[in-house]
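Engineer: Residue strings, one per chain:
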Amino acid sequence: MTFQRPTFRHPDLPPNSAGYNLRDYEGGISTLCAGCGHDSICGAIIQACFELAIPPHQLVKMSGIGCSSKTPAYFLGKSHGFNSVHGRMPSIATGANMANRDLVYLGVSGDGDTASIGMGQFVHAVRRNLNMVYIVMNNGCYGLTKGQYSATADKGTKSKKGSVNALESIDLCELAIQLGAGFVGRSFSGDKKQLVPMIKAGLAHKGLSFIDVISPCVTFNNNPESTKSYHWVREHSEATNTFDFVPFRQTITTEYEDSVDQEVRLHDDSVIHLHKHENTPDVTDRRQAIDNLEDHKAEGVILTGVLYVNPESADTHDILNTSEKSFNSMGVEDLCPGGDVLAKINESYR
Amino acid sequence: MKQLQGVNDFVIRFANVNGSGSASANNLFAKAVFRMGVPVSPKNIFPSNIQGLPTWYEVRVNEQGYVGRRGDIDMVVAVNGQTLRQDYDSLVPGGYFLFDSSKPLPEDFQRDDITVIGIPLTFLCNETFENPRMRPLLKNIIYVGALATLLDMELQVLIDSVNRQFQKKPKLAEPNIQALELGYAYAQEHHPDTCQLKVQRSDKVGDAIIMDGNSATALGALYAGATVVGWYPITPSTSVIEAFGRYAEKYRIEADTGRIKAAIVQAEDELAAIGIVIGASWNGARAFTATSGPGISLMNEFLGLAYFGEIPAVLIDVQRAGPSTGMPTRTQQSDVLECAYASHGDTKHPLLFPCDPRECFDMTADAFDLAEHLQTPVMVMSDLDLGMNDHFGPPLSWETGRSYDRGKVLSAEELDTLTTRWGRYKDTDGDGICYRTYPGTHPEKGVYFTRGTSRDEYSAYTESSAAYQANMERLELKWETTKRLLPLARIKTPFPKARLGAIFYGSTAPAAYEAIELLHQRGIDINTMRLRAFPFQQEVLDFINNHELVFVIEQNRDGQMRTLLINEEGLPSDKMVHIGCYDGMPVASRSLVRALEKAMGGLGINLQQLSTQGGTQ
Ligand SMILES: Cc1ncc(C[n+]2csc(CCOP(=O)(O)OP(=O)(O)O)c2C)c(N)n1
Ligand code: SF4
Ligand SMILES: [Mg+2]
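In order, the protein sequence lines correspond to chains A and B. Take the first sequence: its position 190, counting from 1, is numbered 190 in our numbering, and each next residue is one higher. Take the second sequence: its position 351, counting from 1, is numbered 351 in our numbering, and each next residue is one higher.
The set of hints was computed from the structure by calculation and includes no laboratory data. Quick reminder that beta carbons are idealized off the backbone N, C-alpha and C, glycines included. You may find that some hints are simply not true.
Unchecked claim - Just a few of them, taken from the derived set where beta-carbon distance is under 8 Å, the chain B residues facing chain A:
(1) I73
(2) M134
(3) L137
(4) A272
(5) G279
(6) W282
(7) L298
(8) Y404
(9) P443
(10) Y458
(11) Y461
(12) N545
(13) L549
Let the hints inform the model, and build the full structure from the sequences given.
Structural biologist: Pasting the structure below:
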């Protein structure tokens, strides 16, 4: 079914600081099922990029295969895109990022694409702390191949077809924290208020920003007993914090009553301004972040919000100590040692 | 007993235990022959193991410059107890058996057709050297010293080599030289005039170098401007990446920042390795991977994407004996079909076949130009023998002023001056190759979406059958363009009337040329064609058509290149005779002669008739 993206657009919304209008961040018409969670995430991506005033051609969008991985066609139509093969977006992103460190890399994947076929590539991209935003549109099933359970489906959940999932589920956020991602968040496609600033903060963070977005599949996995349904998530989720993302050069302070503030300053001097309840864990502490997730899981509650941030993490380029100049701008004069050197090399083989 | 005699023409084999440090002693010997001006070719025959298993180092010394493996062993240096019997039996009659006589030979070693030379290596070593850690290494150096006497070599050349090797640690040179002299003196005293094989100073080396193919490949990539490497360790390709890393550390460091102009990413597997290459190439960097057959198998899905999405990629396949893990430290040319048609759907890929380090260098550098010009994966088909063994051959050269062919890539200015609508998959030049853009080039123009699904000329998703088919036909046109850009086969037709032809490629070449010459000396004339690339050009077909019968000599069981030729060129299969050398060892000219003679016998070819009558074409 084809439908028009339901983005509410204020008729005279002013352009952003880079002079682009919201429509400059939109893409082609979505061909996903009406009501699919993935479409709302596209809307949030468009909004976040618009608000951050990223010049669209400075961003590269990549994906694997799946309904979720189709979405780069539906946002940022003025950006180069790469829809690769199933589960392999992280390696494409790694190569692209190595070639040109000056662009912004946004990868989109599904729970099948990431937690099953692409698990190896996912965990190693996280370990390399590749400078990118990695969004999983998590519906607990394989939408595009008609609803089979994925590895993030909760144990005991029931799909539309009625079968109960007997296998343990994989928590991608927990894994990402363990493996050293610098920024980890979880959100819900139906919560744009939380999702937009989370994507913005992820984009500003240097290193791998992993965002798991629960995104119901209305066609195969949205029955009330499914733990990835709109209904279930609304009833069973809790935000660990609310937050504002303050891009660098801006200062906003929103005061929330009954809240304690924590500020996390990112490498480019943007600030994540967290408003949290007393005694909630420190988001810069890895152990606390994992415990927090586990504690809520034990209570049957889906924890959302910014789960972990390490603003100091070194990305792949830092680790490899690569040139600050992008490789794809280098030519023969930068890269070729020339004939005289070769004569010397020959001599060492005599 | 008739002892083997020969000046600058023999094969010597060192039988060692791997991990015992024998490599540097054996290498010292081979280098010394080289530095005496005599062509030499060493082959390392090693197990898939780190320590404790048998390993051999076979050195062919040949004044005439035949540097393929010959087959048959004239002299053995037997210092591995595990294989003593095997090494003893392997000698040809008249050969020489040098062993560590600190322990007597077993009773039943009773050959009377060879010369046995005992040197008490262990005894001499322990008596002279205190440091137990150094002893195993120096023991090996002692036999090199003894060989200098036996083969009449210039001891000074060996001493100079040691000094050169330990330039930075002169302290280490001392005991090594002492060990050389020890062996030398012992042999002079106990075995004067024992051996009739000699190495004599000559002038047949010229400006040649002695280098392994993998280092040359790495340098080809370095010179071609490769900046992104995705790889996963696998013998025998690993040393390509290691060498690239070493050279990058030397020649790609920014003087002011100390940063490196290369990203070498050790991936989690070969799927990721090729993904990294494709992602980087798509984004405008030159990128490559090096792997072997099992890695190519894993890369198959991505290769289909790169073919269809038209993304450059350079792959180095250093082939080894398969299938599966097969014999991972033995050589073969058995990935030909896998690589030619890698992936699902209708796919085919240009392949290059280097035969020596010089060609490893040239073809790797060319592969980057080709991949970017043609916007497709290009594979350089090396193998373990070529890649890991040292080869005697011409030096590497880089043409002054050579630039990189980055292919059809539009800049911002070019996008601005376009008068017609640009389409990523629109063939405006009629050669099947379209124009691409790098991300970030232009704020408004040149953006497109890369996908493995069918799309129209403007890269928009479509399931239109007509659009799909038109695109596949354009790719076929690009394939025709490819043929014009690839290196031509090396065709040698010294015998205009010969009815027989031989086709070979890659590391088979040196032994094949020698075998053809040996057959010529016996009155059998065979013209030759050394393939250098796939797809095949017209010249390849012409050569085959000009001969009645063609032998396809290759290092695999199934005659993969033969299959490819028959399939691509529509040739009658009975005309193409498969000669397979696939035991995992580098091809040896003597066994190849036997194989060719046997094939001719089997085909009822009357050798006498062939040589006297010649034939019509
Ligand atoms: C190698 C390979 N195997 C299988 C498929 C078939 N396939 C396409 S999408 C998909 C599952 C996608 O699931 P997910 O990533 O969760 O995306 P969703 O559709 O749920 O958004 C599968 C198995 C494929 N395209 N490639
Ligand atoms: S099948 Fe599910 S995931 Fe796919 S588009 Fe429809 S609702 Fe979305
Ligand atoms: Mg899914």
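Engineer: Interface hint check: Y404(B), Cβ to nearest Cβ on chain A, cutoff 8 Å. Holds or violated?
Structural biologist: Constraint on Y404(B) satisfied, holds at 5 Å.
Engineer: Tell me if the interface restraint on I73(B) is satisfied: Cβ within less than 8 Å of some Cβ in chain A.
Structural biologist: violated (27 Å)
Engineer: Against chain A, run the beta carbon of A272(B) and see if the smallest gap drops under 8 Å.
Structural biologist: Constraint on A272(B) satisfied, holds at 4 Å.
Engineer: Hint check: is the beta carbon of L549(B) less than 8 Å from a beta carbon of chain A?
Structural biologist: violated (40 Å)
Engineer: W282(B) was flagged as interface toward chain A. Is the shortest Cβ-Cβ separation under 8 Å?
Structural biologist: Holds, because the Cβ-Cβ distance from W282(B) to chain A comes to roughly 6 Å (cut-off 8 Å).
Engineer: Under 8 Å, Cβ to Cβ, is where L298(B) needs to be relative to chain A, so tell me if that hint holds or is violated.
Structural biologist: violated (11 Å)
Engineer: Quick one, is the P443(B) hint okay against chain A at 8 Å, beta carbons?
Structural biologist: At about 5 Å, which falls below the 8 Å cut-off, the nearest Cβ of chain A leaves the hint on P443(B) intact, so it holds.
Engineer: For the restraint on M134(B), tell me whether the closest CB of chain A is nearer than 8 Å.
Structural biologist: Where the cut-off is 8 Å and the nearest Cβ of chain A is about 26 Å from M134(B), the hint is violated.
Engineer: Tell me if Y458(B) is really an interface residue toward chain A, meaning its C-beta lies closer than 8 Å to one of theirs.
Structural biologist: Not OK, violated: Y458(B) not within 8 Å of chain A, min 12 Å.
Engineer: So, as I understand it, the hint says L137(B) touches chain A; can you test that by seeing if any CB pair is closer than 8 Å?
Structural biologist: violated (22 Å)
Engineer: Identify whether the interface hint at N545(B) stands, where standing means a beta carbon of chain A within less than 8 Å of its own.
Structural biologist: violated (40 Å)
Engineer: Min Cβ distance, G279(B) to chain A: is it shorter than 8 Å?
Structural biologist: With a closest approach of 3 Å, the G279(B) hint holds.
In summary, the numbered hints that this structure violates are 1, 2, 3, 7, 10, 12 and 13.
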